[in-house]
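Spelled out from the first residue to the last, the chains are:
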Amino acid sequence: MPETPFLISREDWSLHRQGQMDQERHQARIREAIRANLAEVVSDEAIIASDGRKVVRLPIKVLKEYRFRLDWQKQSRVGEGDGPVREGQPVGPGRKAQEAAGAGGPGEEPGEDWFETDLSVEELEEMLFADLSLPHLEPKQDPQLTAPHHEWRDVRRQGIYANVDKRRTLMEAIKRNRLAGRPPLAGIRREDLRFRTWDEAETPQANAVMIVMMDTSGSMGAGEKYIARSLCFWMVRFLRTRYAQVKLHFVAHTTEAKEMDEESFFTKGESGGTRCSSAYEYALRLIDQQYPPDRHNLYAFHFSDGDNLVSDNPRAVTLMRQLLQRCALVGYGQIETQPQYTAMPYYQPNTLLNLFRQEIDHPRFVTAVIQGRSDIYGALRAFFPPAGARERGTG
Amino acid sequence: MAADLQRLAGAIEAVVGRARAAGLDFFEMRYELCPPDVLYTFGAYGMPTRFSHWSFGKAYYLLKSQANLGLTKIYELVINSDPCYAFLLESNSLLENTLVAAHVVAHADFFKHNWRFQRTNRRMLHAMSAFAERVRGYEARLGRDTVERFLDAALAVAEQIDPFPGPRSEPGRDLPLFLMERAPDLADWQRDILAGLREEALYFRPQMETKILNEGWATFWHARIMREMDLPPAEALEFARLHATVVAPHPQHLNPYRLGYHLLESIEARYGREQLFEVRAVETDLSLVRNYLTPELCEELNLYVYAQKGGQWQVASTGWTAVRDTLLRQLENCGLPYIYAEDDNYRQQGELYLRHGYDGIELDVTHLTHTLQHVHHIWRRPVHLETVQGGQRTLYTCNGEKVTSRVL
Chain L
1 MPETPFLISR
11 EDWSLHRQGQ
21 MDQERHQARI
31 REAIRANLAE
41 VVSDEAIIAS
51 DGRKVVRLPI
61 KVLKEYRFRL
71 DWQKQSRVGE
81 GDGPVREGQP
91 VGPGRKAQEA
101 AGAGGPGEEP
111 GEDWFETDLS
121 VEELEEMLFA
131 DLSLPHLEPK
141 QDPQLTAPHH
151 EWRDVRRQGI
161 YANVDKRRTL
171 MEAIKRNRLA
181 GRPPLAGIRR
191 EDLRFRTWDE
201 AETPQANAVM
211 IVMMDTSGSM
221 GAGEKYIARS
231 LCFWMVRFLR
241 TRYAQVKLHF
251 VAHTTEAKEM
261 DEESFFTKGE
271 SGGTRCSSAY
281 EYALRLIDQQ
291 YPPDRHNLYA
301 FHFSDGDNLV
311 SDNPRAVTLM
321 RQLLQRCALV
331 GYGQIETQPQ
341 YTAMPYYQPN
351 TLLNLFRQEI
361 DHPRFVTAVI
371 QGRSDIYGAL
381 RAFFPPAGAR
391 ERGTG
Chain B
1001 MAADLQRLAG
1011 AIEAVVGRAR
1021 AAGLDFFEMR
1031 YELCPPDVLY
1041 TFGAYGMPTR
1051 FSHWSFGKAY
1061 YLLKSQANLG
1071 LTKIYELVIN
1081 SDPCYAFLLE
1091 SNSLLENTLV
1101 AAHVVAHADF
1111 FKHNWRFQRT
1121 NRRMLHAMSA
1131 FAERVRGYEA
1141 RLGRDTVERF
1151 LDAALAVAEQ
1161 IDPFPGPRSE
1171 PGRDLPLFLM
1181 ERAPDLADWQ
1191 RDILAGLREE
1201 ALYFRPQMET
1211 KILNEGWATF
1221 WHARIMREMD
1231 LPPAEALEFA
1241 RLHATVVAPH
1251 PQHLNPYRLG
1261 YHLLESIEAR
1271 YGREQLFEVR
1281 AVETDLSLVR
1291 NYLTPELCEE
1301 LNLYVYAQKG
1311 GQWQVASTGW
1321 TAVRDTLLRQ
1331 LENCGLPYIY
1341 AEDDNYRQQG
1351 ELYLRHGYDG
1361 IELDVTHLTH
1371 TLQHVHHIWR
1381 RPVHLETVQG
1391 GQRTLYTCNG
1401 EKVTSRVL
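These protein sequences, in sequence, are chains L and B. So the first sequence is numbered by our numbering: it starts at 1 and just counts up by one. So the second sequence is numbered by our numbering: it starts at 1001 and just counts up by one.
For the record, the hints were derived by calculation from the structure and aren't laboratory data. Careful: at least some of the hints might be erroneous.
What the hints assert, rightly or not - With a straight-line cut-off of 30 Å between C-alpha atoms, the simulated DSBU-like cross-links for lysine-lysine are: (1) L:K64 to B:K1064; (2) B:K1112 to L:K64; (3) B:K1309 to L:K64.
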């Protein structure tokens, strides 16, 4: 056999990290892209339905490598079967023909339309809440709601070395030496040592109460409810980053108000007219009975499609003003997925939004118009505006 | 040398001996054993010494995921270079790596003898390494984000090279070259990046044009050589299983290993071994299919044309003419659109005018929009692309922010 010189070797690859590092860069780019597309990501069903589960897998339609490409979607292509095929036979679940272009040098992955990434809800929150703020925060503390807290209160002669109070120790040494007529820092003895110790103290915690009111009459359909639910999801999570505890009350109303559990609140519907003052009345009663404003941080939000019995409007405004006296923040979100002009002929073009904007001018009152899922993020920013960007309502 | 390395060296010796005896000829081989992560990295980057970019990170991640799902268990990577580097998974069994060595040595022969590779840079590993080094230097000097932005843009156009560069090529056919030479206000580092990416594209282009032929050649020879090795029954069975996986039909796209392998078997049967060697030297995928795909093969391989009908993908035809013509269209220009740079001073304002060589298949609009923005990042003045969209001649324009279009 002719000579066949070759070399064979095995290097130490333990420091080889290029793939790993570039993958991390890719992940970082994904996060940047998500941040730039928060409006879309915020309303994703996977998150809202996750109940805050640790990790959510999101398909992110970003970060494709764009090139000049032919659109193979409308073209015919060649495939191979593992047995005889007939004309008319269906071909595998639609992967876009685009991907099988056969073009692609090394380094190009089999084409994908989107890239799945694992994102924890915490990471998403971090991005979302990064510049939100809670205005008018004078946190009220409930003496009954406390949490353990360490207070460095005492200085003793016994303790662990990690907690040596150097300043006091030196002071003791200086004192002792002086009294004995020696230069101040002649020596430090064991008896000079002083240690800081802590005591457990109970400190009062700030908590929040959030009252969510929603018009559940026929005009608020599944889509509208989903929007309210998404917004609620993030508002609660945001408040939870600021308060030790957030207590929730869900008040549904048509012409009458009724408190219910979260699930029913977002799924049940009724028919009938709308008197939103009924909800405000219920909320006020709730507050006066259970949550003295001097000890509780109160947040009230009302979602509706803007429709209200005209005769109820004056009362609605009056009660809204009363709510504002008690709450740290009152928000009104008008969910209008249908443009107004397609509404019924007897529909009054005056909506609650217009009413409130005309009648109420109060620093703690915010309004928002939500016409679709992409407005959810904007509404969040309206209710909890970035510090220094205090706007009065948005839409 | 470690014992397992000794055994592998022995197996490779046997394989290579048989390959040479059969007439295969290749540059000096360098076999490298590496752990899976490293091999996936090389697979993702295409080369061991490539510059860093997030898109490679993405490819790496996908390769790893597929491997973890058991989809690409055997992985081989061989570089078109002199000496010829081949990377083997150290986690493979001796049998697997023996098969891989046989497969790889045929690739090496292909790189040395196929006409499309005659003008490729056999020392590309060094060139790429030097380029990667320069890119790192630019990143250190200008900041990673700036360089990455330009890399994103340059990568978007890099593959639009003229596969046959030279004095007789059409001007404007090579987009990166056009941009390098004519884009106003390009910094030296930007020109260097365009040049480097163009060199890489030129280097890889022959591989894109010969995927079926090359993999077919390597599969043909790993099958021949392994069968000659007189393996004990258990190993013979294992080999048969591995080989079957390699040539299995793929549900959604053509498996180049399968198509190439059967085409070459058919050629040897019909024309003899000498013709087979000739084929590996003078053909590309396009000419291979045009000259040697027979109706019998179409039927044997169950090839068909599929298309969308009423929102559903289904088999449109199993006829040989339809299959061959559709396949040829897919392979032409590696499936890429023809983009020509026509004018670097459009409207007398230094605007760039590109034209899509439309021949029946329209461009993907989403890709087009984003890519035009990338071109603008390089050109810095308005950029136009003429194409056909929705059946009408349309001009797309990017002025930096938005991309607009109007019917011509």
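Each hint tested on the structure:
{"no.": "1", "hint": "L:K64 to B:K1064", "result": "19 Å, holds"}
{"no.": "2", "hint": "B:K1112 to L:K64", "result": "35 Å, violated"}
{"no.": "3", "hint": "B:K1309 to L:K64", "result": "28 Å, holds"}
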